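Colleague: The whole structure should be built from the sequences, with the hints applied where relevant.
Chains as they are written, first to last, in the working numbering: chain W, 1 to 317; chain U, 1 to 315; chain B, 1 to 510; chain V, 1 to 318.
By construction, these hints were calculated from the structure, which means they are not laboratory data.
All figures in this text were calculated on a predicted structure; none of them were measured in a lab.
Certain hints may be false.
[Unchecked claim] A short list of chain U residues far from chain W (calculated; beta carbon distances all over 10 Å): (1) L28; (2) W170; (3) R185; (4) R207; (5) G232.
[Stated by the list, open to error] The calculated DMTMM-like cross-link candidates involving lysine to aspartate or glutamate, where the alpha carbons are at most 25 Å apart (straight line), are: (6) K223/W with E292/U; (7) K399/B with D427/B; (8) K41/U with E86/W; (9) K41/U with E261/W; (10) K211/W with E65/V; (11) K438/B with E203/V; (12) K399/B with E450/B; (13) K41/U with D264/W; (14) K386/B with E203/V; (15) K188/B with E232/B; (16) K386/B with E199/V; (17) K223/W with E199/V; (18) K211/W with E203/V; (19) K438/B with D90/V; (20) K445/B with D131/B.
Just so you know, even glycine gets a beta-carbon here, dropped at the ideal spot from N, CA and C.
Residue strings, one per chain:
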Amino acid sequence: QSYTIGLSNGFVGSEWRTQMIDEAQAAADAWAERGIEVELVIQSADTDVQGQIGHIRNFINQGVDAIIINPNSPTAFDPVFAQAAEAGILVIATDAEVSSPDAIYVGIDQTDWARKSAQWLVDEMGGEGNVVAINGVAGNPANEMRVAGYREVFEANPGITLLTETNANWDQAQGQQAMQNLLATYPDIDGVWVQDGMAAGAFRAIEAAGKTADIAATGEIRKDFLDVWASDGLTSGASVNPPGVMASALNVAVLRLEGREFKDDVFGGVYGNAIYLPIPLVTADNLEETRAGAEGQPGYYSVSTSLTVEEAEEFFQ
Amino acid sequence: MSALRDSLRGRVWLVTLAALVTLFLVNLALQPNLLTPNVLKSNLTVFLPLVLVAIGQTYVILGGDIDLSVGSIVALVNVVTVSVIAMTGGETGGILLGIAAGILTGLACGLFNGVLIAILRFQPIVTTFATGIIFGGLALRVLPTAGLPVPAGYWRTYAGNVLGIPTVLWIFVFALLAIAFIARRPFLTHLMATGGLRTAAFQTGLRVGPIRIGAYMLSGLFSAFAALCLTGETASGDPLMGRLLALSSISAVVLGGTALAGGRGSAFGSLLGALVIGMISNVIFFAAIPFEYQTLTTGLITLLALAGGVLVSRR
Amino acid sequence: MTQTPSAEPSPARALHAQGVTKRFGAITALSSGRISVGKGEIHALLGANGCGKSTLCKIIAGTVSRDGGTLEIDGRPADLKSPREAEALGVALFYQELSLVPQLSVADNIFLGHEPRNAAGFVDRRRLIADTEVLIARFSAVAGSGFAAGTNVSRLSPDQRQIVEILKVLARNPSIIIFDEATAALDKRQVDLFFSILRTLKAEGVAIIFISHRMDEVFEIADRITVMRNGETVAEYGAGEVDRDTVVHDMVGKLADHQREARPPRPAGETPRLVVSSVSGGRLRDVSFSVAPGEILGLGGLQGQGQSAILQGLFGAEPFARGEVSVDGRPVRLRRPADAIRAGLAYVSGDRGRDAALHGRSIFENIAAATLVSERRRFVWPSALKPRFEKAAAGLNTKYAGMEAPIGSLSGGNQQKIFIARWLATDASILLLDDPTKGIDLGAKGDFFELARDLAAKGTSIVFYASEDAELLGLCDRILVFNSGAVTAELSGDTRDAFHLTRAAYGETA
Amino acid sequence: MHRARTILTDPLVLAALSILVLLGLGEAVSPGFARGDQIVRLLTVSAILGIVAAGQSLVVIGGREGIDLSVGALISLGALLAGNVMSGQDGNILPAILVAGGVTFAIGIVSGLGVTVLRIPPLVMTLGMAGVVQGALIAMSRGTPSGNAAPTLMAFVNRPLVFGLPGILFVWALIALAMWFLLRRTTLGYAIYAMGSNERAAEFTGLPTRRLRTLLYGLSGMFAGIAGVCVIGYTGNSFISVGDQYVLPSIIAVVIGGISLAGGTGNYFGVVLGAIALTILQSVLTTLQLEFWGRQLIFGAVLLALMLLYGRTRQLRV
Ligand SMILES: Nc1ncnc2c1ncn2[C@@H]1O[C@H](COP(=O)(O)OP(=O)(O)OP(=O)(O)O)[C@@H](O)[C@H]1O
Ligand SMILES: Nc1ncnc2c1ncn2[C@@H]1O[C@H](COP(=O)(O)OP(=O)(O)OP(=O)(O)O)[C@@H](O)[C@H]1O
Ligand SMILES: [Mg+2]
Ligand SMILES: [Mg+2]
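Modeller: Structure below.
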């Protein structure tokens, strides 16, 4: 048996995305041992919604069996996914949820991802103190879900004051600059909720201000960050958004292509089409264990997990 | 060679057309079902927004200016349209109202740019970059994150047929007619004079200010059309839509043989240029290039096309 | 329009400007401009470079705003806000720097803003071309090749562009026309035709202002003359009631005397400084000549017969395809201006705006550019160079506020002096002059000729092209007459006179 | 009176004034903003932008619609190369700078040749080159740039060296002096202005304008590469789009520094002030308690206000 699966990635500016594709490729190769050929057509370019729609249309015209997409928009693909579904193509979104009833989502719940780390931050601060938040690209759906997640937690804790929120576009250098400016103007920051991709920068600014001991901040899941975390004794906690989500999605896709039917109650989420994956949390407690798991990987490696085929089968009848 | 150049002078779009045909043939070799009506329609749907934005951009560039805010205009028009449709309840009347609001938004953005640049004499590049930031900010104000589906009537019409002919083809034909219409108006000669040598145009008695404003409003108008198409294509609002359109549209305009210095070129060339850009991404798609080389190949082919076009047509 | 057979100047005043003032920043361009023109009158406006002629005209045409004074058109006060409003009142201006759009065709330029339209408001291209062809037919005999309704203006020669500008003005059917140096790039035949058109217009009752630095032309065509000096109108008279000396006196405030002195004959058997053998390429066909040290060689003939081409070729700006050039007996390769400059050549262009002016930069920088190259300097110490430059500029009687003043603060003539000073500062041994006095006033011309003679006396070789025959005859030791890219005659000694020059220029062998 | 007016319209004075106004505003909306150590940090951030803008200034002054949109990709490339050459070792800092500066210089030269020999408009040529370099970065690194900054470099950029100022500020000051010397005391500098004001006239004075213009793009590339080294010194490690955020700001810094995009005018000191003003503006906005869109609106509006001061084109009717 052999399947062709199209992968569409609309942003290439990060190692996380590359690892995502690499893990998906590895998962595809692994299917060969089970006698199933999975051929991937990978479209990965820095593009906009329109460009990704172009990918999907070409996948449809090419006649792939399934499409896995890390989408640049939650809603913009509804019509084109409908066309894919009409053509009998299975569509799975990963990393960011989509509203289309013709697609399913396999990935983490970004809101919950933020809730977890925000809760860690609140606990670390003993439920008392001033926090600032540094976010990614305003208007980006994943960003907005995360914002909703931490706001929910902070609002539930009356001792926490959210001083201000700012955007640094998931850019390490901009994160560092933003943190510098915030430290200068808010002398009494106790906690920083910062998204991954900018946390290392924020920590560098905190260190430069000599406040490493006074400020707790959410962290990254990159190996080199974990190493600094351990060696410099940072106060940090990080929820894991594993790059393996696309591999998980791929395993689910192949099982579905094999004709397996989903269990009735697997879907949830805002759009009712999501299969949420577990979100590990890295804290001081399991830092060493996590680092051991990343032993031998390069510095840019992100802590990752993905569904094994067996775990994926749990979702099916 | 020089004879070739002579015959090409003023018809640089012929070079673009040749490039387009070549790419089309390569695409055909790589994708045998390219000529089926569905695939053609699908390709046209993907290329259409850039085609429209590039046409609008051409008029600004012919007038000796540039518009970096087109991407943000597209986003703003998109969110305004979907919001108005949502507010009015999604009946046909509401849809039309939304479309009208979108078009007015595009014109207003163009007017704003034009007044700043032609009346207050701001530098076009930095000004439209700044207004782009403002329009983008407004888009996020109108719709903080992607969402707000448009009624099925809207996008089904866009994806479907009118009188047996695909809607996108109608729009494409409409764009061609609009180009032909504008090309016959004295406005275009006046615009090209303004872009060619502004002092001369002024001394000749042309109303240079209103002419440049007119070009920016055309750019805003065509950006609005592009936004309406994207709204049909995506059936929803997205405040971050279209962020790559500004630079792609400039590439398309240059590929189409229009001089960035102004005064020379044609919107028809830009239309072909936009199709060339679309075909390049198609060829990259079907050439099965490993993903880490896709961006590089696109960059190289685009640069080669730009260099080739300028080389063949240069004076 | 009705044809009036006799050219009686009508008493009706078409245009009256009085006490007009205009400042550009610190520069006062006009302190009290006055001109009054009757219908059916050709009125010459004279004055030295930078005295404000063009500025006054642009104010009348609405391109420049006036600071003070009154303007009446057809007896009614006019407060113009744009060229458009002036045009509506029947005023058309031939711009000294032309108002053509190079990217557009001859037809589009002529009818810009007045395109014939059909009922639907679209441009009626067929009529546009037909109307243009009617207009250009008037000049077809003298316009040269490649002059058609569909040609892009960027491809026309300077004289052809001036003709287009003339036609553009005429196509507006104005009742008041200002020609600001409309003959500057035209040759004799073209000027004659132009004048015949002026006479027709005059007969039709059109009021005409005519600006030229060529006295012959002025006295040939003008009914009345207004003279300006330093931004002020100083005199007005009927053309018949005044002589040249009076006019020149009013223009410059002193009687300029640049009559030729007798130059000693060239000694025979000298080693030539510059030898040009059989150069071809572009429009040139097998041109050979040589120039001795201290000799002034003139290039004559009709406009555009390759005189500029040979000078630009020698300067490496438009390299020759074939042939050899040697300087002081050594062969030189001239592929770019830097080669020529290092071989001791210098080039002064008549089109200073295009070829010489570093717009917006200081006078110092404008002079320095050539020195830096010729002396192969890497570093610039302004204090070391300034005295030299000041000396070079002072030698030409240049009027300027200071070395740091921007070049644009000078009038055209004074700018040209700076560009000559640019080369004087490099001690060039061969000076190539490409119609260098185009648009320069009489005073400056006098200074310039004197300077050229001084330089020649000190041993500098000069190759000189002028569109005015009088200049050639006045300055040169020898004149090569060009026709279609080849030298067709050499005039020296007895044959060096206006008769032979004109005859050779029109193709008859001397 | 007249003198007062010329002083007040001097771009340098205007830029300096806007810096003071912005600092005052920053202090007013968020007290502590104009503190000494914060100002030093702002200057550090400005330095990177300022170094990129140095190259951008040269290209813009050189005229013929000069502009370099490839600086972003070249910063990223410089950072990637520097990170790889250094791989955390102090001993490799010099080779890293040489490699980063050298390669980006060479790429700039290629863009320059495209502009001068093939006569491709600079905007298009450098935009195309940005795409190619970005593509090459992805191909080289697969999106996962390896390598990281040497500790000394990071200290040099982030920590005080003398008088409480980090080393990078001294480098920037040196670059500013070098730019002044280049533009006002070398033939190359005079040639850049001459070329920018009238290319044909510059050629007619014997200046090798093609070669010089090509060189300008090389220099712009080199400055971007060096800025890339500074970026990796600032952040510790790089990612492939690290330079993108500098492209348009570098052009804005040039314009609000008083250099006309038409070429042939202006100087680098204005650009230094422009880079500082822009960085302060962005920082003030970061700390404002506003929705993102509100910050964008203010940013755009302030840019337009600055355009009112400097960025205006010539009047047609005088
Ligand atoms: N746009 C301008 N900006 C600044 N100064 C100007 C401008 N136009 C003209 N001037 C100055 O005004 C004065 C008058 O110039 P104008 O062009 O009217 O002289 P002109 O009599 O036409 O001289 P020419 O015979 O050289 O053409 C000169 O000193 C000139 O430098
Ligand atoms: N071989 C030719 N073929 C066509 N046209 C020619 C030719 N030779 C001369 N001409 C005409 O003469 C014009 C100018 O000729 P040329 O350049 O030789 O003289 P010039 O003195 O250098 O010109 P200019 O005064 O315009 O600088 C050309 O633009 C063209 O119209
Ligand atoms: Mg004049
Ligand atoms: Mg000539």
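Colleague: Going straight from one Cα to the other, do K399/B and D427/B come out at no more than 25 Å?
Modeller: holds (22 Å)
Colleague: Verify the proposed pairing of K211/W with E203/V, using a straight-line Cα cut of 25 Å.
Modeller: violated (59 Å)
Colleague: Quick one, are K399/B and E450/B close enough, alpha carbons at most 25 Å?
Modeller: holds (17 Å)
Colleague: Please settle this one: R185/U was flagged as non-interface, so is its CB more than 10 Å from every CB on chain W?
Modeller: With a cut-off of 10 Å, R185/U remains clear of chain W, as the shortest Cβ separation is near 30 Å.
Colleague: Are the Cα atoms of K41/U and D264/W separated by 25 Å or less?
Modeller: Violated, because 38 Å separates the two Cα atoms, which is more than 25 Å.
Colleague: Take a quick look at whether K211/W and E65/V sit within 25 Å of each other, Cα to Cα.
Modeller: Measuring from Cα to Cα gives roughly 48 Å; hence the hint is violated.
Colleague: Hey, K438/B versus E203/V, does the alpha-carbon distance stay inside 25 Å?
Modeller: OK: K438/B and E203/V at ~21 Å, within 25 Å.
Colleague: Assess, step by step, whether the Cα of K223/W is no farther than 25 Å from the Cα of E292/U, and give holds or violated.
Modeller: Holds, at roughly 23 Å.
Colleague: So if I understand the rule, the pair passes when the alpha-carbon distance is 25 Å or less; does K41/U with E261/W pass?
Modeller: Answer violated: K41/U to E261/W is near 34 Å, above 25 Å.
Colleague: When you check the alpha-carbon spacing of K188/B and E232/B, does it fall within 25 Å?
Modeller: violated (31 Å)
Colleague: If you draw a straight line from the CA of K386/B to the CA of E199/V, is it 25 Å or shorter?
Modeller: holds (24 Å)
Colleague: Hint check: K438/B vs D90/V, CA-CA at most 25 Å. Holds or violated?
Modeller: Violated, at roughly 66 Å.
When the structure is compared with the earlier hints, violations turn up for hints 5, 9, 10, 13, 15, 17, 18, 19, 20 and for no others.
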